[in-house]
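Kindly produce the complete structure, drawing on both the sequences and the hints.
One-letter residues, chain by chain:
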Amino acid sequence: TQLLEQSPQFLSIQEGENLTVYCNSSSVFSSLQWYRQEPGEGPVLLVTVVTGGEVKKLKRLTFQFGDARKDSSLHITAAQPGDTGLYLCAGLTGANNLFFGTGTRLTVIP
Amino acid sequence: DAGVIQSPRHEVTEMGQEVTLRCKPISGHNSLFWYRQTMMRGLELLIYFNNNVPIDDSGMPEDRFSAKMPNASFSTLKIQPSEPRDSAVYFCASRLGVNTEAFFGQGTRLTVV
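Chains as they are written, first to last, in my numbering: chain A, 1 to 110; chain B, 1 to 113.
Think of the hints as simulated: they come from the structure by calculation, not from any bench. Note that beta-carbon positions come from the ideal geometry of N, C-alpha and C, so glycine has one too. Watch out, some of these pointers could steer you wrong.
Calculated pairs, SDA-like style, for lysine to any residue (alpha carbon to alpha carbon, straight line, at most 20 Å) [what the hints assert, rightly or not]:
#, chain 1, residue 1, chain 2, residue 2
1, B, Lys68, A, Asn97
2, B, Lys68, A, Asn96
3, A, Lys70, B, Asn99
4, B, Lys78, B, Arg64
5, B, Lys68, B, Asn99
6, B, Lys24, A, Val44
7, B, Lys24, A, Gly40
8, B, Lys68, B, Asp86
9, A, Lys57, B, Asn99
10, A, Lys56, B, Val98
Sample of chain A residues lacking proximity to chain B, with all beta carbon distances greater than 12 Å (derived) [as the list claims (entries may be wrong)]:
#, residue
11, Asp83
12, Thr84
13, Arg105
Below, the structure is given as structure tokens:
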């Protein structure tokens with residue numbers, strides 16, 4: 001089992017604030033994905049990053065893959081209540097397996 | 001496509017009973033995953049199939065758990081006998097190719113009393 005630690009575990013912020021979520025591992029991954037999960041539903045893919053150092057932007061969300069392909073970050077600018085949810089990073093191994101991180105539960109207060 | 005379909009959505013059973021969870025992946029997808037989610041342990045990978053063959057079952061908790069994929073359109077996860085600590089939401093996900101999106105079902109909420 002590949003261990004991916006996310007921090008913080010819980011985050012509660014006011015609408016309009018910025019935040020960063022971290023995903024760290026001692027393992028190297030061939031790629032890394034970020035998912036968002038809402039109550040009663042399965043996780044839904046936000047982005048896939050493949051190359052070490054890669055940065056991808058999705059509207060107010062910025063994703064970065066570490067140079068060594070062991071860690072990643074998710075930055076949200078001007079958070080909105082609709083961003084509330086459970087954010088999960090997931091590492092893809094060479095065997096094409098997919099391991100999920102411990103999760104960050106974000107609450108954006110209007 | 002209807003997406004990944006899991007059944008049942010909810011299951012309540014007594015300790016010691018056999019439980020079978022079912023999953024229909026998206027047509028054409030060649031990878032299938034079973035996960036278990038709890039507040040304490042997060043989303044744990046139980047088993048991963050590729051082209052109907054189990055590739056990694058190291059996450060299966062113990063011999064009480066077994067998974068099968070008899071064909072490309074159906075998989076089962078069986079717990080026998082079930083225990084209260086097995087209570088969780090069980091997700092099935094499928095995917096086509098590498099570095100692609102894993103599509104999740106809506107999960108089965110299992111409660112063992």
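Fill in: In rising order, the numbers of the hints this structure does not comply with
Of the numbered hints given earlier, those the structure breaks are 5, 13, listed in rising order.
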